[in-house]
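Visitor: Residue numbers (the UniProt record's numbering), protein chains in the order written: chain U, 1 to 275; chain Y, 1 to 295.
All the given hints hold, so there is nothing to weed out.
Partner residues are not named here, just some residues of chain Y that face chain U (Cβ under 10 Å, in silico):
| # | residue |
| --- | --- |
| 1 | Leu-12 |
| 2 | Leu-15 |
| 3 | Ile-30 |
| 4 | Pro-105 |
| 5 | Phe-110 |
| 6 | Val-122 |
| 7 | Pro-171 |
| 8 | Thr-176 |
| 9 | Gly-180 |
| 10 | Ile-181 |
| 11 | Ala-183 |
| 12 | Gln-221 |
| 13 | Phe-227 |
| 14 | Leu-249 |
| 15 | Asn-250 |
With a Cα cut of at most 27 Å, we get these calculated DSS-like pairs of lysine-lysine:
| # | chain 1 | residue 1 | chain 2 | residue 2 |
| --- | --- | --- | --- | --- |
| 16 | U | Lys-167 | U | Lys-186 |
| 17 | U | Lys-264 | Y | Lys-182 |
| 18 | U | Lys-186 | U | Lys-264 |
| 19 | Y | Lys-182 | U | Lys-167 |
| 20 | U | Lys-167 | U | Lys-103 |
| 21 | U | Lys-167 | U | Lys-264 |
If you anchor each label on the Cβ, the simulated ranges turn out as follows:
| # | chain 1 | residue 1 | chain 2 | residue 2 | range |
| --- | --- | --- | --- | --- | --- |
| 22 | U | Ser-76 | Y | Phe-148 | 40 to 48 Å |
| 23 | Y | Phe-148 | U | Trp-140 | 46 to 54 Å |
| 24 | Y | Gln-68 | U | Arg-8 | 48 to 56 Å |
| 25 | U | Leu-128 | Y | Ala-282 | 22 to 30 Å |
| 26 | U | Ala-75 | Y | Ala-259 | 28 to 36 Å |
| 27 | Y | Glu-190 | U | Gly-177 | 41 to 49 Å |
| 28 | Y | Gln-43 | U | Ala-75 | 31 to 39 Å |
| 29 | Y | Leu-52 | U | Glu-164 | 46 to 54 Å |
| 30 | Y | Ala-103 | U | Ala-75 | 30 to 38 Å |
| 31 | Y | Ser-261 | U | Trp-140 | 23 to 31 Å |
| 32 | Y | Leu-145 | U | Pro-9 | 28 to 36 Å |
| 33 | Y | Gln-68 | U | Leu-128 | 25 to 33 Å |
| 34 | Y | Val-188 | U | Leu-128 | 52 to 60 Å |
Since the hints were made in silico from the structure, they are not lab data. Don't be surprised by glycine CBs; every beta carbon is placed ideally from N, CA and C.
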Amino acid sequence: MTTKQAWRPWGVLAWFAGILFVLPVLWMVLTSLHSESDAATNPPSIAAKLTFQGYAEFFGATTGVSPWPPLLNSASASIGSTVLVLLLSVPAAYALSIKPVRKWSDVLFFFLSTKMLPVVAGILPIYLVAQYTGMLDNIWFLILLYTSMNLPIAVWLMRSFLAEVPKEMLEAAAIDGASLVTTLRKVVAPVAMPGIAATSLICFIFSWNELLFARVLTGVVAGTAPVFLTSFVTSQGLFLAKVCAAATVISLPVLVAGFTAQDKLVQGLSLGAVK
Amino acid sequence: MIGISRDGRAALAYLAPAALVLIGLLGYPIYQLVLISFYDYGQEQVSGGAPLNWLGLGNYAKLLSDSQFWTVLAQTVGFAACCVLGTLLVGAALAVLATRVRAVPRALLFLAALGAWATPTVAGSTVWLFLFDANFGLVNEVLGLQGFSWTYDRWVAFGLVAAQVVWCSFPFVMVTLYAGIKAIPGEVVEAAALDGASVPRTVRSVILPLLRPLLVVVTIQSVIWDFKVFTQIYVMTGGGGVAGGNLVLNVYAYQQAFAASEYGLGSAIGVVMTVLLLGFTAIYLRALRRSGEAL
Numbered sequence: 001m002t003t004k005q006a007w008r009p010w011g012v013l014a015w016f017a018g019i020l021f022v023l024p025v026l027w028m029v030l031t032s033l034h035s036e037s038d039a040a041t042n043p044p045s046i047a048a049k050l051t052f053q054g055y056a057e058f059f060g061a062t063t064g065v066s067p068w069p070p071l072l073n074s075a076s077a078s079i080g081s082t083v084l085v086l087l088l089s090v091p092a093a094y095a096l097s098i099k100p101v102r103k104w105s106d107v108l109f110f111f112l113s114t115k116m117l118p119v120v121a122g123i124l125p126i127y128l129v130a131q132y133t134g135m136l137d138n139i140w141f142l143i144l145l146y147t148s149m150n151l152p153i154a155v156w157l158m159r160s161f162l163a164e165v166p167k168e169m170l171e172a173a174a175i176d177g178a179s180l181v182t183t184l185r186k187v188v189a190p191v192a193m194p195g196i197a198a199t200s201l202i203c204f205i206f207s208w209n210e211l212l213f214a215r216v217l218t219g220v221v222a223g224t225a226p227v228f229l230t231s232f233v234t235s236q237g238l239f240l241a242k243v244c245a246a247a248t249v250i251s252l253p254v255l256v257a258g259f260t261a262q263d264k265l266v267q268g269l270s271l272g273a274v275k
Numbered sequence: 001m002i003g004i005s006r007d008g009r010a011a012l013a014y015l016a017p018a019a020l021v022l023i024g025l026l027g028y029p030i031y032q033l034v035l036i037s038f039y040d041y042g043q044e045q046v047s048g049g050a051p052l053n054w055l056g057l058g059n060y061a062k063l064l065s066d067s068q069f070w071t072v073l074a075q076t077v078g079f080a081a082c083c084v085l086g087t088l089l090v091g092a093a094l095a096v097l098a099t100r101v102r103a104v105p106r107a108l109l110f111l112a113a114l115g116a117w118a119t120p121t122v123a124g125s126t127v128w129l130f131l132f133d134a135n136f137g138l139v140n141e142v143l144g145l146q147g148f149s150w151t152y153d154r155w156v157a158f159g160l161v162a163a164q165v166v167w168c169s170f171p172f173v174m175v176t177l178y179a180g181i182k183a184i185p186g187e188v189v190e191a192a193a194l195d196g197a198s199v200p201r202t203v204r205s206v207i208l209p210l211l212r213p214l215l216v217v218v219t220i221q222s223v224i225w226d227f228k229v230f231t232q233i234y235v236m237t238g239g240g241g242v243a244g245g246n247l248v249l250n251v252y253a254y255q256q257a258f259a260a261s262e263y264g265l266g267s268a269i270g271v272v273m274t275v276l277l278l279g280f281t282a283i284y285l286r287a288l289r290r291s292g293e294a295l
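Just chain U, with the same shape it has in the complex:
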């Protein structure tokens, strides 16, 4: 939809809504830069002195506990599961959109239905499986779980992206006797790439912020950043600046990745959005 000129009230409304919705994040960043005593004053001191004390605490200035292992664990869990999701969802979506399976919507429903297991109730059986297979506190188990967590939505999104690939190009590839891998790489990928990138970013964000599985299934070795964060939220009040600093650092990778890739994200998601 093209807009020839922006209507003034829309602009005002956008500024108002944008500021309102960004406020919690701004407040979090501001608090992270205050000292603990300023962060807990009444009224909230917006003009208080800025300090990096909270960040120093987060990086273990006094406790000596480094946040890097959990951050790296989060990175491996998010990136590893995103790669696996792509490897599994592209062929599945290809089968559902390009080589149409009869009753494909039932297959999609099956994929989606696995998302309906409430994590809280499902965590005990999953814990028992992990215990039984010796995979407790193992980052690979988390990678597999995040893969299955994101797979349904990835297949669903990807199916509509792949439907954008012209049928004639696929037929030509088939006549030339191209294998699945060649077809995917040479014909499908160029068209569907923005969609694949958008799906990856979405899966990355969901894995990066996942807490419940990580909390129950990991310990000292494989603990992720959100688990590390909850260890900061021990008591209220004087630790607020530290908690906000931790949350800001943990949010930063997603924020930076998302903001720099927002055009790609939109371009990708708009593939196959309208049929």
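We have chain U; now place chain Y onto it with these hints.
Guide: Showing chain Y alone in chain U's frame:
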């Protein structure tokens, strides 16, 4: 079964890996969940110190005859419905807004969306709790409501948590719908305008039908998320509110399973939730299919 043509067999082969991973990692736990819900399964059974005691449908009977369960179920459905509606309305409104403004306010809207999306739920809930703190909070300061507690009254607390849930989940809806609106060819909208269609009419008859596949995805996603809200209620109402007034099913299941070590009962709640979600989605998809296009 699916056709046995060469294509059909190939398609099956492409679907199999994804399906196997899902069955292995989620199907098996669901099976275990159902199994555990038939037993008296407590701490001793988890550690293997006591034999299993088969209850059959005992846990379900106990659950269905408990008036608290029905209260919590009604609360969960109402709460989830409000959250889904709020998320869709806010997400759609901001998506439309983003298509209508210049680059700078649009960047601000995207920054707000990505900020909300990037903030870990625990941190987001904690920050909101402090923003709305009775004595120290910025919100009470601005509104002149010092001393007013947002988490004491049951409905006010539900409202606050719902607002937080909407704030957490509007970004996915906004970004997806924004992309969808961008993908609508300009000529379609212009043609409608040339035919003299009003703006609401254009939205209803041209834009909404085109966006339908996307709306279905975001609606189902939101329903699944909001029916299973856990972190926000747990953090913001201190584990279920004053006298459990803010319990939703997921937190209730957690209380039964982990706090009370009644894993069998907790599993039964989980099974009930899964069945309700499955039923809702199946009916919704069927209704959509009956009313026209596939999905």
